[in-house]
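**Q** Okay, here's what each chain looks like letter by letter:
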Amino acid sequence: ETGVTQTPRHLVMGMTNKKSLKCEQHLGHNAMYWYKQSAKKPLELMFVYSLEERVENNSVPSRFSPECPNSSHLFLHLHTLQPEDSALYLCASSQEQGAYEQYFGPGTRLTVT
Amino acid sequence: AQSVSQHNHHVILSEAASLELGCNYSYGGTVNLFWYVQYPGQHLQLLLKYFSGDPLVKGIKGFEAEFIKSKFSFNLRKPSVQWSDTAEYFCAVNDLGSARQLTFGSGTQLTVLP
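Taken in order, these protein sequences are the chains called X and P.
Heads up: the first sequence begins at 1 in this note's numbering, then just goes up one per residue.
Heads up: the second sequence begins at 114 in this note's numbering, then just goes up one per residue.
Because the hints were derived from the structure by calculation, they are not lab data.
Possibly wrong hints are sitting among the right ones.
[What the hints assert, rightly or not] Restraint ranges, calculated between C-beta atoms of paired labels, are given here:
| id | chain 1 | residue 1 | chain 2 | residue 2 | range |
| --- | --- | --- | --- | --- | --- |
| 1 | P | Arg-190 | X | Gly-3 | 25 to 31 Å |
| 2 | P | Ser-197 | X | Leu-88 | 33 to 39 Å |
| 3 | X | Pro-61 | P | Gln-222 | 27 to 33 Å |
| 4 | X | Ser-72 | P | Asp-167 | 34 to 40 Å |
| 5 | X | Pro-83 | P | Thr-224 | 25 to 31 Å |
| 6 | P | Ser-116 | X | Lys-22 | 29 to 35 Å |
| 7 | X | Glu-96 | P | Leu-226 | 24 to 30 Å |
| 8 | P | Ser-139 | X | Ser-59 | 18 to 24 Å |
| 9 | P | Glu-201 | X | Glu-96 | 26 to 32 Å |
| 10 | X | His-26 | P | Gly-166 | 26 to 32 Å |
| 11 | P | Ser-116 | X | Glu-52 | 28 to 34 Å |
[Unchecked claim] Straight line, CA to CA, 35 Å or less: simulated DSBU-like cross-link-like pairs of lysine-lysine:
| id | chain 1 | residue 1 | chain 2 | residue 2 |
| --- | --- | --- | --- | --- |
| 12 | P | Lys-191 | X | Lys-36 |
| 13 | X | Lys-22 | X | Lys-41 |
| 14 | P | Lys-184 | X | Lys-40 |
Glycine included, every Cβ here is placed at the ideal spot set by N, Cα and C.
Chain P extracted, bound-state conformation (with noise of 0.2 Å):
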């Protein structure tokens, strides 16, 4: 079964930073890759997402992520957060073997200090 792992539970930067969040992921086939953000209090919403192509590919609000399929990661990267970033950050794989199903990792969260 796929697994998604997201190493750092709790990431606490200043304004103007730089992030990167990890992910990794266990299936080895051909994968669709997200990065979804929950801010507080708010549902969870598409930040972005790698299907084919590029493998760097540019979301919403500055946010950009790299696919290595070597490695099978897609971390999530900003240049430079602000406070506004503070939320959860999930990443999600959908393999596209025999289950079809959109697996989650456990979340990173984001505390952006003024």
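Just chain X, with the same shape it has in the complex (with noise of 0.2 Å):
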């Protein structure tokens, strides 16, 4: 149990329909992150959130929105992807948003058709 949880698990969606991704963090921390892992490629950070607000917006194609309604939720709302978003989502949180160690959730594998 790692205290970060993602919905849903798997998503098959097509280049025109809309989706999100939901995170919950049950660590009472102030940070949470969304991340994309490709094969073979580093981890890639795309948002940041501090206290609901966001602090870090990695030049994220706009097809990816972020929402963080409170400290122990986000989502990642989803529309016209391409095949090449197809990649395991990671969602994170940390005490404070910065130089504090991060907890992952399992990820929802994503692929586009």
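With the hints as a guide, bring the two chains together.
**A** Written out as structure tokens, the structure reads:
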């Protein structure tokens, strides 16, 4: 049990669909993150939220839209994705944003057809 | 920008062999260093971390890592691996400069043969 849960665990969607990924942390942390994990590549940081405010957006295409309604929940809204967006999307949290260790969820395996 | 290099993409060892996985980073300032492990079908888990103090840090499951500042390295070691250590290992660096982001290496897949 990691304290960070993600749903769904697997998602297949067409390029014209709209879907959302959900992340919830039960650790009382103040910072949450979205990462993209592709085969043979380093984890790519997509978004950082600290106390529900977005503090980092690493040049992510607008077809990915994050939402953080409170410090325990984080969403990633997806629309008009491309096949190259197929990857494992990981959510993480940390006590505060910055130098602290991060705790990861199991990820959502996304396939765009 | 910070970069992290893990030179070995795939390492294959027999049980009881010794392990050393390399990790080098580019940022020359103050850093926090991490090793994460991802067992097949499981989430990323923290193996060990270095923030300050003794550069030789010990983690879970008999792993240790040594921070050598002059070499910008944080290599992971284990004296005797087990089949259950088969996993992917990621080095990560959090520079304490302006970015304060966690930068990951591309990972090393370790396969331990029984």
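**Q** Is 34 to 40 Å a correct range for the gap between the Cβ atoms of X:Ser-72 and P:Asp-167?
**A** Once the Cβ atoms are compared, 35 Å apart, the range 34 to 40 Å for P:Asp-167 and X:Ser-72 holds.
**Q** For the pair we were handed, P:Lys-184 and X:Lys-40, check the Cα-Cα distance against 35 Å.
**A** Since the Cα atoms of P:Lys-184 and X:Lys-40 sit roughly 25 Å apart, the hinted pair holds (cutoff 35 Å).
**Q** In this structure, is the beta-carbon distance linking P:Ser-139 and X:Ser-59 contained in 18 to 24 Å?
**A** 20 Å, holds
**Q** Evaluate the given range 25 to 31 Å for the C-beta pair formed by P:Arg-190 and X:Gly-3.
**A** Taking Cβ atoms as reference, P:Arg-190 and X:Gly-3 lie about 28 Å apart, which means the hint holds.
**Q** Are the Cα atoms of X:Lys-22 and X:Lys-41 separated by 35 Å or less?
**A** Cα-Cα ~23 Å, so holds.
**Q** Is the hinted pair P:Lys-191 and X:Lys-36 satisfied, with a Cα-Cα distance of at most 35 Å?
**A** Distance of about 29 Å is within 35 Å: holds.
**Q** I want to verify a distance hint. Is the separation of the beta carbons of P:Ser-197 and X:Leu-88 within 33 to 39 Å?
**A** Since the Cβ atoms of P:Ser-197 and X:Leu-88 sit about 22 Å apart, the hinted range of 33 to 39 Å is violated.
**Q** For the range 27 to 33 Å, tell me whether the beta carbons of X:Pro-61 and P:Gln-222 fit it or not.
**A** About 29 Å separates the Cβ atoms of X:Pro-61 and P:Gln-222, which means 27 to 33 Å holds.
**Q** Verify the CB-CB distance for X:His-26 and P:Gly-166 against the hinted window 26 to 32 Å.
**A** 30 Å, holds
**Q** If you check the beta carbons of X:Pro-83 and P:Thr-224, does the distance land in 25 to 31 Å?
**A** 30 Å, holds
**Q** Should the hint that P:Ser-116 and X:Lys-22 are 29 to 35 Å apart at their CB atoms be regarded as holding?
**A** 32 Å, holds
**Q** Should the hint that X:Glu-96 and P:Leu-226 are 24 to 30 Å apart at their CB atoms be regarded as holding?
**A** 42 Å Cβ-Cβ, so the 24 to 30 Å window is violated.
Comparing the model with each numbered hint stated earlier shows that hints 2 and 7 do not hold.
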